[in-house]
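Engineer: Below are the chains, spelled out letter by letter.
Protein chains: 2
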Amino acid sequence: MPLSMYQASVPVLLHALGNLSAILNKALLNAESRKFDAAVLLQARLAPDMFPFIRQVQIVTDTAKGCGARLAGVDIPSFPDTETSFDELQQRIAKTVVFLQGLQPAQFEGSESRDIVLKFPHQTLNFTGQDYLQFFVLPNFYFHLTTAYAILRHNGVPLGKVDYLGGGG
Amino acid sequence: MPLSMYQASVPVLLHALGNLSAILNKALLNAESRKFDAAVLLQARLAPDMFPFIRQVQIVTDTAKGCGARLAGVDIPSFPDTETSFDELQQRIAKTVVFLQGLQPAQFEGSESRDIVLKFPHQTLNFTGQDYLQFFVLPNFYFHLTTAYAILRHNGVPLGKVDYLGGGG
Numbered sequence: 001m002p003l004s005m006y007q008a009s010v011p012v013l014l015h016a017l018g019n020l021s022a023i024l025n026k027a028l029l030n031a032e033s034r035k036f037d038a039a040v041l042l043q044a045r046l047a048p049d050m051f052p053f054i055r056q057v058q059i060v061t062d063t064a065k066g067c068g069a070r071l072a073g074v075d076i077p078s079f080p081d082t083e084t085s086f087d088e089l090q091q092r093i094a095k096t097v098v099f100l101q102g103l104q105p106a107q108f109e110g111s112e113s114r115d116i117v118l119k120f121p122h123q124t125l126n127f128t129g130q131d132y133l134q135f136f137v138l139p140n141f142y143f144h145l146t147t148a149y150a151i152l153r154h155n156g157v158p159l160g161k162v163d164y165l166g167g168g169g
Numbered sequence: 001m002p003l004s005m006y007q008a009s010v011p012v013l014l015h016a017l018g019n020l021s022a023i024l025n026k027a028l029l030n031a032e033s034r035k036f037d038a039a040v041l042l043q044a045r046l047a048p049d050m051f052p053f054i055r056q057v058q059i060v061t062d063t064a065k066g067c068g069a070r071l072a073g074v075d076i077p078s079f080p081d082t083e084t085s086f087d088e089l090q091q092r093i094a095k096t097v098v099f100l101q102g103l104q105p106a107q108f109e110g111s112e113s114r115d116i117v118l119k120f121p122h123q124t125l126n127f128t129g130q131d132y133l134q135f136f137v138l139p140n141f142y143f144h145l146t147t148a149y150a151i152l153r154h155n156g157v158p159l160g161k162v163d164y165l166g167g168g169g
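Taken in order, these protein sequences are the chains called A and B.
For what it's worth, the UniProt record's numbering labels the leading residue of the first sequence as 1, then goes sequentially.
For what it's worth, the UniProt record's numbering labels the leading residue of the second sequence as 1, then goes sequentially.
Note that these hints are calculated values from the structure, not bench results.
Keep in mind that the hints are not guaranteed to be accurate.
What the hints assert, rightly or not - Which chain B residues stay away from chain A? Per the calculated CB distances, all over 12 Å, these: (1) Lys26; (2) Val40; (3) Val98; (4) Gln130.
Said to hold, decoys possible - These stretches of chain B come out as covered by chain A in the derived footprint (C-beta under 8 Å, 3 or more residues): (5) 3-9; (6) 12-18; (7) 139-147; (8) 155-167.
As the list claims (entries may be wrong) - Below, computed lysine-lysine pairings styled on DSSO-like, alpha-carbon distance capped at 30 Å: (9) B/Lys26 to A/Lys161; (10) A/Lys161 to B/Lys95; (11) B/Lys26 to B/Lys161.
Note that CB positions come from ideal geometry on N, CA and C, so glycine has one too.
Start from the sequences and build out the full structure, keeping to the hints where you can.
Structural biologist: Dropping the structure here:
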């Protein structure tokens, strides 16, 4: 039996969001043990014209909830970008997890061929549901997750690939 | 019609490998215009205990060819890690593309439930084909692709998200 759109999206996103939450906990503990303000990490970035850590985490959750909502055909929950702490980022991740957990596999049936339209300030992107998942959601989701991880590694937070992939990966 | 294992893997990997090749070209041109030896970028890394750029690119191709071979049930082509230039990395990407292009969708039928065993020096991982693709291949592939991109951005190579996602993304 081939992959369903639900199986190809929701469990994957939930698994990675759990890994991200654990990574944030490790970063916070590391800041405490090295005696610097963890808020410094929230504003850290890899290049002056790349987003800081806090924005990378916000976009990870935006990509996940946007995917779940669009493929299930429901409204995208709006999370204002007002976080200023690790604790508030954890709450945002948790809200995203609860939203995705509330979606049912039946809502995703037929979503592979559904028209998905993404409107940005300077362009509009049109996808089928399948292309949206494969060529937009997953590469973007992992891009921002990896960049968040890389910002922490660049700043000396002790993490390894197993933290990114999760247990058994 | 749900996703086939072929559609969920080969076209996705080929698209991203094409993007990576274009990113390498931009990095090489940028080194020339800034008048430094591009080989410096090959050894650049984001943390002392992370792999350098050249290894990130090698792992991207390893992950892609390993995925294609394991899911199609054929031998994994062996590429020795002997590259020392952008040109040789491009040849490795091109060999990976040719290998993936030679695989047929029919070879992937039933691969979602095939047993996949990955042997590492200190552990052995067991997956179904579907879990291997979703929880190992795609996160790893995008991890190393994004880290390669981030190393270049950290070193001032002018790239944007569109280079990573490819045209229209």
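Engineer: Give a verdict on every hint.
Structural biologist: Taking the hints in turn, this is what the structure says about them:
{"no.": "1", "hint": "Lys26", "result": "15 Å, holds"}
{"no.": "2", "hint": "Val40", "result": "17 Å, holds"}
{"no.": "3", "hint": "Val98", "result": "22 Å, holds"}
{"no.": "4", "hint": "Gln130", "result": "6 Å, violated"}
{"no.": "5", "hint": "3-9", "result": "holds (count 5)"}
{"no.": "6", "hint": "12-18", "result": "holds (count 3)"}
{"no.": "7", "hint": "139-147", "result": "holds (count 6)"}
{"no.": "8", "hint": "155-167", "result": "holds (count 5)"}
{"no.": "9", "hint": "B/Lys26 to A/Lys161", "result": "28 Å, holds"}
{"no.": "10", "hint": "A/Lys161 to B/Lys95", "result": "27 Å, holds"}
{"no.": "11", "hint": "B/Lys26 to B/Lys161", "result": "14 Å, holds"}
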